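Go by the hints and put chain B onto chain A.
If you're matching them up, the sequences are chains A and B in order.
Numbering of the first sequence is given in our numbering, commencing with residue 1 and proceeding in unit increments.
Numbering of the second sequence is given in our numbering, commencing with residue 1 and proceeding in unit increments.
Think of the hints as simulated: they come from the structure by calculation, not from any bench.
In this text the structure is predicted, and so the values were computed from the model without any measurement.
Where a beta carbon is used, it is the ideal one built from N, C-alpha and C, also for glycine.
A couple of the hints might just be wrong.
Some chain A residues well away from chain B (every beta-carbon gap over 10 Å; in silico) [stated by the list, open to error]:
id : residue
1  : Lys4
2  : Asn13
3  : Met99
4  : Arg100
5  : Asp101
6  : Asn109
7  : Glu122
8  : Gln168
9  : Leu232
10 : Thr250
Computed list of lysine to any residue pairs in SDA-like fashion (alpha-carbon distance at most 25 Å, straight line) [claimed, not checked]:
id : chain 1 : residue 1 : chain 2 : residue 2
11 : B       : Lys372    : B       : Asp159
12 : B       : Lys50     : B       : Tyr289
13 : A       : Lys103    : B       : Ser45
14 : A       : Lys159    : B       : Leu72
15 : A       : Lys22     : B       : Asn111
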Amino acid sequence: MDDKLIIGGHEFNSRFILGSGKYSLNLIEAAVRDAGAEIITLAVRRANTKEKENILDFIPEGVTLLPNTSGARNAEEAVRIARLARELGCGNFVKVEIMRDAKYLLPDNAETIRATEILAGEGFVVMPYMYPDLNAARDLVNAGAATIMPLAAPIGSNKGLATKEFIQILIDEIDLPIIVDAGIGKPSQACEAMEMGAAAIMANTALATAGNLPLMAAAFRQAVEAGRKAYLSGLGRVLARGSSASDPLTGFLRD
Amino acid sequence: MDNQYFVDSGNLSAEALERKHRLENDPSCRKNHMEYLPGMEEIKSDIREKVISQMNEYSPEKYTAKDVRTALEHDTCSIEDFKALLSPAAAPFLEQMAERARLETGKHFGNTVYVFTPLYIANYCENYCVYCGFNCYNHIKRMKLSMEQIEHEMKIIADSGMEEILILTGESRSQSDVKYIGEACKLARKYFRMVGLEIYPVNTDEYRYLHECGADYVTVFQETYDAEKYETLHLLGHKRVWPYRFDAQERALLGGMRGVAFSALLGLSDFRKDALASALHVYYLQRKYPYAEMSLSCPRLRPILNNDSINPHDVGEKQLCQIICAYRIFLPYVGITVSSRESAEFRNGIVKIAATKVSAGVSTGIGDHESKYSGKESGDAEGDEQFEICDSRSLDRMYKDISEEGLQPVLNDYLYV
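Next comes chain B alone, as it looks inside the complex:
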């Protein structure tokens, strides 16, 4: 399946193209993905070992319908129960799982659904992640917003009524350094009640600095917890260092952030194992940092029709729903975010069962909120998008749709204290 991702841009020099092909075809020329690069902080933690040993032991095929029934009968869901709920044997129990998940969601969140929007401020990237539109070999329009441009974007978003923002960058330390991101956070605090970050992993002292600048929530996607698979997909750059990425949430908490978010990109590897590892990453960190707020996102590689033979890891809507219900039953207290990669129909349905947070008014491009929100032409001053979204609803529309489902949209439930 690996080669489905490799795309050669016609704009690469012969030399660059040759290096790209060497990275793709000759594993021995890639850096060791388990080895920290200079400047990367290494914290002492036993979380990784706990998560990965559970994941390695997990054989989804060994669970039976009886195991699933037992899991659903238990008041509290054990790790073993969770493994059963993620297994193929649980597929026929999807409706029962959804009922249980809805009950648990109601206990902890009532009927509230949080709404936020992402803001991409730069799309420069120094990594070669073969499945990503921002990867450094991809010929896209790169852009980094100035502080004036960022403020302009924030004003437009804030005027739409949004109160929570998630600031994103491509993963380039040189183009979007920590200072630059910190300044963006300071601006964001002027316009928003809650500021989250989804940027390249940094060290504890840098998280502390960003926290002081106004960020309070850090999202890092591990992409896949299968380190060997990760190695074949992240061929170049600091993102290639898998364990540094794994410990990012813990460093963020040590740096004073209130909350952290996790995810695997489901479909890159065995999605059941990745879902297990994502949830256990939350579970074990929560035991170590019980005061921290945690949430899970559930992005998936969208399957191509008749793609079974190319990618046996495809995650269909039913499987995604099964994973989300299993997350909710195992971790009833965590937030679950479902992004605009999913359709409006899927998001409308899943917020009634388990999801507690959705994005609205989304653009994954750079500097294009004005043209997207108001239709005003911005000419050339926009950077290309990371991926195409599926649910393009505006805040107003999302607010109305959530309300019509009998749920209460919430734009802010947050205080900096």
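So here's chain A without its partners, still in its complex pose:
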């Protein structure tokens, strides 16, 4: 079955996007391999280094880089960081992250919309990290976003789908791929989001804090694939919304 994830005209087979910032550089390769990931995020501020060990050197060939703008507090800063990412050779993809809050790292939707508009105008494939709000998501679509990346729970919290109902609304109403980002703590949560119809999952902390990172990467891969297949198959009545009566409610209709 041909089931590609399409972002800004680029096709991907994997629906699991891997973070890179919270674990040892020498584990990146194994994580990418066992997660089957084709996209990996990295903080531009980590790549902007003359360090003997630059994170860019640890990312396997053929994987699409998704630089993020973490550290940006407003649209202007995010735009500057995105441009720097392009200069550093990170390609055209950018994950816009704008936080005015150092404690929870919650995204600022209004600034994110502004940055998305500017960067989309400059030819970036813009993947904005956002708080799941339908109005903001629509604005992001109009601003030229390639996907929408709503948070499931605060970054690093491993709390799972705390915003489930609102993510479902985005999946139902927005025509772009909805990629659930932040807060996914275990494979079962990733699977659940995929069953709901999310286009992909992004995770970092859940892997970084696992006892065996490559094994957890493999578990996420399987969970994402299972959830995707369940979604495509059309979920059965056990999981369908509402309940079904054993006698048909419309049995009284006579023609």
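Then chain B, alone, in the frame of chain A:
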């Protein structure tokens, strides 16, 4: 305990010695430590009142094992929970606290540990802080590096691979003025990705100027939040003005700095109260300036063996670990720095639990990086050190040790935007 610090240098004149003794023995001849000196900016802020009222209310002895257990069961740590975790009742729960702290550190920082180095560019000081090696009555070799010397030091440090530098001076406005420090920041930006400052507190417009010169992070140690105790330890000079120092981080943020760091020198006064106040200083400022990055340092007066009778405030390694774990549980998102005053064993252990930043390749002397890094003799061109460090590991060694603990050393995670 006060007198343990008083040391008379044989080089002081009779007149200076007499003044020194008067300051030490007669509180009435000291300036009012709560009164601003001319030129000191006074900002409107309610942070001080909030922190100090909480600190004054805090009675560590009243907390029980039950309070500690309850605190550890809560998903988010309240101020009341934090007070319990800092109390003597929490001592038997150190392992559980460490487990929880490790979990919180992992959520926010993964397994990364940041490495930086301090650079002292001058050790002139106009203050008499009785416990400090740089104090103005101490007969030490004073020195202020020229811009050429600073650049030379920076090159040596940058060549070692370091990307973040913390510029320090003694607290002398006349010898190390803001312009001088600003020029040093401009040089530092040529060699480093991130430039921090640990200098005497200045006004908002001066922080703004230093920010424009390239500094983006300001560290000010309050030493102790107990103003009355502070008065007995900081006898002379602008540092004596306690409230001006308290508001330094807020002025730095108003001046455009991205981040600020805090600390008490644990052991000067009741360390539990000082730890509470340090963390609440961060907590309340974070609520007011939510975009700012904040971090805590954890220096302590190193206890002397069998010193219990002299200083009841001694902070042992277990107590320091308890404080750091409590900081992490209460403020999971803040950076925690552990300096080279602590041993390599302690630092190796604490980075696995809660600390996120360590220094390496450290010298607290002036102009001696070349002799320290390469062994090359520099003759007389060095100024004396502020204090002796315990962990003298080089960057390479620190990098290797952190990696071997299964952690990822990070030399830069910073962008000027």
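Hints and how they fare:
1. Look at Lys4 (chain A): its CB is around 31 Å from the nearest CB on chain B, clear of 10 Å, so calling it non-interface holds up.
2. Its beta-carbon lying about 27 Å from the closest one in chain B, Asn13 (chain A) satisfies the requirement of being farther than 10 Å from that chain.
3. In this structure Met99 (chain A) is not separated from chain B by more than 10 Å, as the shortest Cβ-Cβ distance comes to only about 7 Å.
4. The non-interface label for Arg100 (chain A) is inconsistent with chain B: the shortest C-beta to C-beta separation is roughly 5 Å, within 10 Å.
5. Once the 10 Å rule is applied to beta carbons, Asp101 (chain A) is inconsistent with being away from chain B; the minimum gap is 5 Å.
6. Look at Asn109 (chain A): its CB is around 15 Å from the nearest CB on chain B, clear of 10 Å, so calling it non-interface holds up.
7. Against chain B, the non-interface label of Glu122 (chain A) holds: every CB pair exceeds 10 Å, the least being about 17 Å.
8. Distance check for Gln168 (chain A) against chain B: the nearest CB is about 25 Å away, which clears 10 Å, and the non-interface claim stands.
9. With a least beta-carbon separation of about 33 Å from chain B, Leu232 (chain A) lies farther than 10 Å from that chain, consistent with its non-interface assignment.
10. Listed as outside the interface, Thr250 (chain A) is consistent with that label: its C-beta sits roughly 47 Å from the nearest C-beta of chain B, beyond the 10 Å cut-off.
11. A C-alpha spacing of about 14 Å is found between Lys372 (chain B) and Asp159 (chain B), which places the hinted pair at or below 25 Å, so the restraint holds.
12. A distance of roughly 15 Å separates the Cα atoms of Lys50 (chain B) and Tyr289 (chain B); the hinted pair therefore holds under the 25 Å criterion.
13. Under the criterion of a C-alpha separation no larger than 25 Å, the hint pairing Lys103 (chain A) with Ser45 (chain B) is consistent with the structure, at around 21 Å.
14. Our distance criterion of 25 Å between C-alpha atoms is met by Lys159 (chain A) and Leu72 (chain B), whose separation comes to about 18 Å.
15. Distance hint between Lys22 (chain A) and Asn111 (chain B) is fulfilled; the C-alpha atoms sit about 6 Å from each other, no more than 25 Å.
Consistency with the previously given hints fails for numbers 3, 4 and 5, ordered from lowest to highest.
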